[in-house]
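Novice: Residues per chain, in single letters:
4 protein chains.
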Amino acid sequence: MSASVADDKHLHRLILFSDAVFAIAITLLAIEIHPPEHWNGVGELFRLMGPKLTAYTVSFAVIGINWISHRRTFAHLLRADGVLDVLNLLMLGLVALLPLGTELLWEQGGIEASRVYVGLVTAIGVAHALSWGYAAFVGKLATPALSAATKWFILVRVALLPGLMCWLVFTSVATGQPWGYLGIAGVMVVLAVVGRLLKRAGA
Amino acid sequence: MSASVADDKHLHRLILFSDAVFAIAITLLAIEIHPPEHWNGVGELFRLMGPKLTAYTVSFAVIGINWISHRRTFAHLLRADGVLDVLNLLMLGLVALLPLGTELLWEQGGIEASRVYVGLVTAIGVAHALSWGYAAFVGKLATPALSAATKWFILVRVALLPGLMCWLVFTSVATGQPWGYLGIAGVMVVLAVVGRLLKRAGA
Amino acid sequence: MSASVADDKHLHRLILFSDAVFAIAITLLAIEIHPPEHWNGVGELFRLMGPKLTAYTVSFAVIGINWISHRRTFAHLLRADGVLDVLNLLMLGLVALLPLGTELLWEQGGIEASRVYVGLVTAIGVAHALSWGYAAFVGKLATPALSAATKWFILVRVALLPGLMCWLVFTSVATGQPWGYLGIAGVMVVLAVVGRLLKRAGA
Amino acid sequence: MSASVADDKHLHRLILFSDAVFAIAITLLAIEIHPPEHWNGVGELFRLMGPKLTAYTVSFAVIGINWISHRRTFAHLLRADGVLDVLNLLMLGLVALLPLGTELLWEQGGIEASRVYVGLVTAIGVAHALSWGYAAFVGKLATPALSAATKWFILVRVALLPGLMCWLVFTSVATGQPWGYLGIAGVMVVLAVVGRLLKRAGA
Numbered sequence: 001m002s003a004s005v006a007d008d009k010h011l012h013r014l015i016l017f018s019d020a021v022f023a024i025a026i027t028l029l030a031i032e033i034h035p036p037e038h039w040n041g042v043g044e045l046f047r048l049m050g051p052k053l054t055a056y057t058v059s060f061a062v063i064g065i066n067w068i069s070h071r072r073t074f075a076h077l078l079r080a081d082g083v084l085d086v087l088n089l090l091m092l093g094l095v096a097l098l099p100l101g102t103e104l105l106w107e108q109g110g111i112e113a114s115r116v117y118v119g120l121v122t123a124i125g126v127a128h129a130l131s132w133g134y135a136a137f138v139g140k141l142a143t144p145a146l147s148a149a150t151k152w153f154i155l156v157r158v159a160l161l162p163g164l165m166c167w168l169v170f171t172s173v174a175t176g177q178p179w180g181y182l183g184i185a186g187v188m189v190v191l192a193v194v195g196r197l198l199k200r201a202g203a
Numbered sequence: 001m002s003a004s005v006a007d008d009k010h011l012h013r014l015i016l017f018s019d020a021v022f023a024i025a026i027t028l029l030a031i032e033i034h035p036p037e038h039w040n041g042v043g044e045l046f047r048l049m050g051p052k053l054t055a056y057t058v059s060f061a062v063i064g065i066n067w068i069s070h071r072r073t074f075a076h077l078l079r080a081d082g083v084l085d086v087l088n089l090l091m092l093g094l095v096a097l098l099p100l101g102t103e104l105l106w107e108q109g110g111i112e113a114s115r116v117y118v119g120l121v122t123a124i125g126v127a128h129a130l131s132w133g134y135a136a137f138v139g140k141l142a143t144p145a146l147s148a149a150t151k152w153f154i155l156v157r158v159a160l161l162p163g164l165m166c167w168l169v170f171t172s173v174a175t176g177q178p179w180g181y182l183g184i185a186g187v188m189v190v191l192a193v194v195g196r197l198l199k200r201a202g203a
Numbered sequence: 001m002s003a004s005v006a007d008d009k010h011l012h013r014l015i016l017f018s019d020a021v022f023a024i025a026i027t028l029l030a031i032e033i034h035p036p037e038h039w040n041g042v043g044e045l046f047r048l049m050g051p052k053l054t055a056y057t058v059s060f061a062v063i064g065i066n067w068i069s070h071r072r073t074f075a076h077l078l079r080a081d082g083v084l085d086v087l088n089l090l091m092l093g094l095v096a097l098l099p100l101g102t103e104l105l106w107e108q109g110g111i112e113a114s115r116v117y118v119g120l121v122t123a124i125g126v127a128h129a130l131s132w133g134y135a136a137f138v139g140k141l142a143t144p145a146l147s148a149a150t151k152w153f154i155l156v157r158v159a160l161l162p163g164l165m166c167w168l169v170f171t172s173v174a175t176g177q178p179w180g181y182l183g184i185a186g187v188m189v190v191l192a193v194v195g196r197l198l199k200r201a202g203a
Numbered sequence: 001m002s003a004s005v006a007d008d009k010h011l012h013r014l015i016l017f018s019d020a021v022f023a024i025a026i027t028l029l030a031i032e033i034h035p036p037e038h039w040n041g042v043g044e045l046f047r048l049m050g051p052k053l054t055a056y057t058v059s060f061a062v063i064g065i066n067w068i069s070h071r072r073t074f075a076h077l078l079r080a081d082g083v084l085d086v087l088n089l090l091m092l093g094l095v096a097l098l099p100l101g102t103e104l105l106w107e108q109g110g111i112e113a114s115r116v117y118v119g120l121v122t123a124i125g126v127a128h129a130l131s132w133g134y135a136a137f138v139g140k141l142a143t144p145a146l147s148a149a150t151k152w153f154i155l156v157r158v159a160l161l162p163g164l165m166c167w168l169v170f171t172s173v174a175t176g177q178p179w180g181y182l183g184i185a186g187v188m189v190v191l192a193v194v195g196r197l198l199k200r201a202g203a
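Protein chains in written order, with my numbering: chain A, 1 to 203; chain B, 1 to 203; chain C, 1 to 203; chain D, 1 to 203.
Chain A on its own, in the form it takes in the complex (with noise of 0.2 Å):
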């Protein structure tokens, strides 16, 4: 078997586990909620289900936004090594701890436990960022049509944003107050005006 095959395989195999992680953190988001023992009308059960299912709603995205996200900074990888593996296994670990985090989210609901799932989803972050930032700059396993710059981008986006995002939406919700969705929107402007700039300097 030549190197290059077993490289990809190696990849191939991190890159379904880390799925299947994911898929099963995804899945059972939903497994603590029951059904309320009395209610009368779908009204009423979208009601006393409320907070549950917001919080359901919320750690679905922040899992599917990591799964995108994942996806698209493995796309740039050409092989993997042990070190990717253990960084990536923190990753994962963290997502593993998410549907604790949404349990807290709706039975506290306060201003705490928000802290608390905030810190979460930065800490996911931060450690997408290690894998990243070993894959690309240290361990020399991301395609070599990637400029520094384009490296780097990738970098500070997937340590700050899903922190920053969760932040922002929270606060909207807690305030009642626009700024944080408005907050998202000129972030998202930003990233996207920058990764232009960026895929235009490498064409």
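Calculated from the structure, these hints are not laboratory results. The beta-carbon is built from N, C-alpha and C at its ideal position, and this holds for glycine as well. Among the clues, some could well be false.
What the hints assert, rightly or not - Straight line, CA to CA, 27 Å or less: simulated BS3-like cross-link-like pairs of lysine-lysine:
id	chain 1	residue 1	chain 2	residue 2
1	C	Lys140	C	Lys199
2	A	Lys140	D	Lys140
3	A	Lys9	B	Lys9
4	B	Lys151	B	Lys199
5	B	Lys199	B	Lys140
6	B	Lys9	C	Lys9
7	A	Lys151	A	Lys9
8	B	Lys9	D	Lys9
9	A	Lys151	B	Lys151
10	C	Lys140	B	Lys199
11	C	Lys9	B	Lys199
12	A	Lys199	D	Lys140
13	D	Lys140	C	Lys199
14	A	Lys140	B	Lys9
15	D	Lys151	D	Lys199
As the list claims (entries may be wrong) - Short derived list, chain A residues pointing at chain B, Cβ under 10 Å:
id	residue
16	Asn40
17	Gly64
18	Arg115
Stated by the list, open to error - Okay, the calculated beta carbon distance ranges per label pair:
id	chain 1	residue 1	chain 2	residue 2	range
19	D	His38	C	Leu182	56 to 62 Å
20	B	Arg72	A	Ile68	33 to 39 Å
21	A	Val42	C	Leu160	57 to 63 Å
22	D	Thr143	B	Arg196	48 to 54 Å
23	B	Gly195	C	Pro36	54 to 60 Å
Given the coordinates of chain A, assemble chains B, C and D onto it according to the supplied hints.
Specialist: Okay, now just chains B, C and D, sitting in the frame of chain A:
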């Protein structure tokens, strides 16, 4: 890595992730079912567990049919993109709620619970149709061999079938009349005829 | 995309989905097992958990053997179709009930619970045989190299073996007599001899 | 289908199944952890959840290291057979008990619970070594490029490392002395040196 290989990998990973979510949701259906504490003989066991096993069977069929349907629409795709990722996640997020919907069904079993359940199944169909509609008409992700008529046929089938069939089954069960089952048979015949006509027209 | 590539993808996705369901069912077997609240020393722990660990071991073996059996029959297939999807789902729907069957086994442990459990294992075998029978004789999905005799041999083996072996083990355990284990040994020898004869006839 | 393609598919499916079990077991570790009912501030939350999060971290590391180890040994294999299926299932059956072992650890936390846990981790290593020993020496499933010395080195590493490292960590934690960690560092250095010598001898 050529663009076509990268496209293929993206689609492949999206399908793998979806399959994992379908598989986990379908296997979790039974996890909240527990045997009764006291029972004498196999007959009583099945009588006591009847509602749960029925709800399990219905939901297993619902997820199974949606998985088959998902496999069929995605077999027409050549590649995936970020928008499809998001729309597909929307569908998976609703599929992952089916274990909860099943619990609702066996615990309440009334007309209101059935209504919520049929609503959830309908929402899954609509989300699936959104994914397919985007992929086929907007994102140009499907194989070019597909005629516009076939694309629309798939869209309508995917959007309406799950909710409609679920509603017809529940109606038949609730009323004890066979009209629901006859309706399903009628719908199946119409779909088969239209499908064949479209295939012939395309040939 | 040529028809053969599409066929291969269909079969591949069906196998992936099945593997995921087998893997989830086998891992969920232990999820309802909890340690006892009080115990002194490792000896007492194992004595208290004995029935649960025994039921776990039996069910792990049952799912494991069915997975191996599924892998072997599906290795003979060249492609899949919609009917195989449905029949395979029927088998998976029964496999997904094994964690529930296992709970029944350790909570009741009596002859009635064993009967239900053996019935479930037998039903899995029959559903597997239905899938194989359709694929081999009706759908023409198997490799043409397979003789009709071999196809029938696989059908009988797949249909009878799981339930028969499970029943023989339970009989031996219940009566404290070795006849069940001897029966298993006899069945294995007969199968091995017939399998070898068929292979020689085919060569 | 040529024999080599069939071999490759068998190995591929075995690896996929194993990855799924590893991924489910690692994600289920957190499923029995629930937030405390009352807590004031993040500090108290972490103090209350400390033992559970510690047990989670230990078990996540144990499964992660075993997954990496499994990936590495299976990367040396060219094909699989029925015996390897069974031995690998034995290992997976023990891995699937780790969520239960983790619960034991955080609920009891005493020396007896640690002993059971270390015993389980050791048993996983031994089952892994059985799989590898069979594949490398009996079943001739490994790549012929591997020297006998390397095969033995892998066998010893796989059999002893998980249990030994787990025991050293627990000893350090229990006694508050760093000898366990020093022991791990020593073992790692010896393994790295021997591994390098074997690689040089093979080149």
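Novice: Determine for every hint whether it applies to the structure shown.
Specialist: Here's how the hints hold up against the structure:
1. C:Lys140 <-> C:Lys199: With Cα atoms ~21 Å apart, Lys140 (chain C) and Lys199 (chain C) stay inside 27 Å; holds.
2. A:Lys140 <-> D:Lys140: Measuring from Cα to Cα gives roughly 34 Å; hence the hint is violated.
3. A:Lys9 <-> B:Lys9: holds, 13 Å
4. B:Lys151 <-> B:Lys199: It holds: about 12 Å lies between the C-alpha atoms, which stays within 27 Å.
5. B:Lys199 <-> B:Lys140: Distance ~21 Å between Lys199 (chain B) and Lys140 (chain B) Cα, so the pair holds.
6. B:Lys9 <-> C:Lys9: holds, 13 Å
7. A:Lys151 <-> A:Lys9: holds, 24 Å
8. B:Lys9 <-> D:Lys9: Cα-Cα ~19 Å, so holds.
9. A:Lys151 <-> B:Lys151: violated, 39 Å
10. C:Lys140 <-> B:Lys199: Within the cut-off at roughly 22 Å; holds.
11. C:Lys9 <-> B:Lys199: holds, 21 Å
12. A:Lys199 <-> D:Lys140: Status violated; Cα separation ~50 Å.
13. D:Lys140 <-> C:Lys199: Status holds; Cα separation ~22 Å.
14. A:Lys140 <-> B:Lys9: Holds - the C-alpha atoms of Lys9 (chain B) and Lys140 (chain A) are around 21 Å apart, at most 27 Å.
15. D:Lys151 <-> D:Lys199: Between Lys151 (chain D) and Lys199 (chain D) the Cα gap is close to 12 Å, so the pair holds against 27 Å.
16. Asn40: holds, 8 Å
17. Gly64: With a minimum Cβ separation of about 4 Å from chain B (threshold 10 Å), the hint on Gly64 (chain A) holds.
18. Arg115: violated, 25 Å
19. D:His38 <-> C:Leu182: 56 to 62 Å: The hint (56 to 62 Å, Cβ to Cβ) holds, given that His38 (chain D) and Leu182 (chain C) are roughly 60 Å apart.
20. B:Arg72 <-> A:Ile68: 33 to 39 Å: Between Arg72 (chain B) and Ile68 (chain A), where Cβ atoms are some 24 Å apart, the hint is violated.
21. A:Val42 <-> C:Leu160: 57 to 63 Å: violated, 49 Å
22. D:Thr143 <-> B:Arg196: 48 to 54 Å: Taking Cβ atoms as reference, Thr143 (chain D) and Arg196 (chain B) lie about 51 Å apart, which means the hint holds.
23. B:Gly195 <-> C:Pro36: 54 to 60 Å: For Pro36 (chain C) against Gly195 (chain B), whose Cβ atoms are near 58 Å apart, the range 54 to 60 Å holds.
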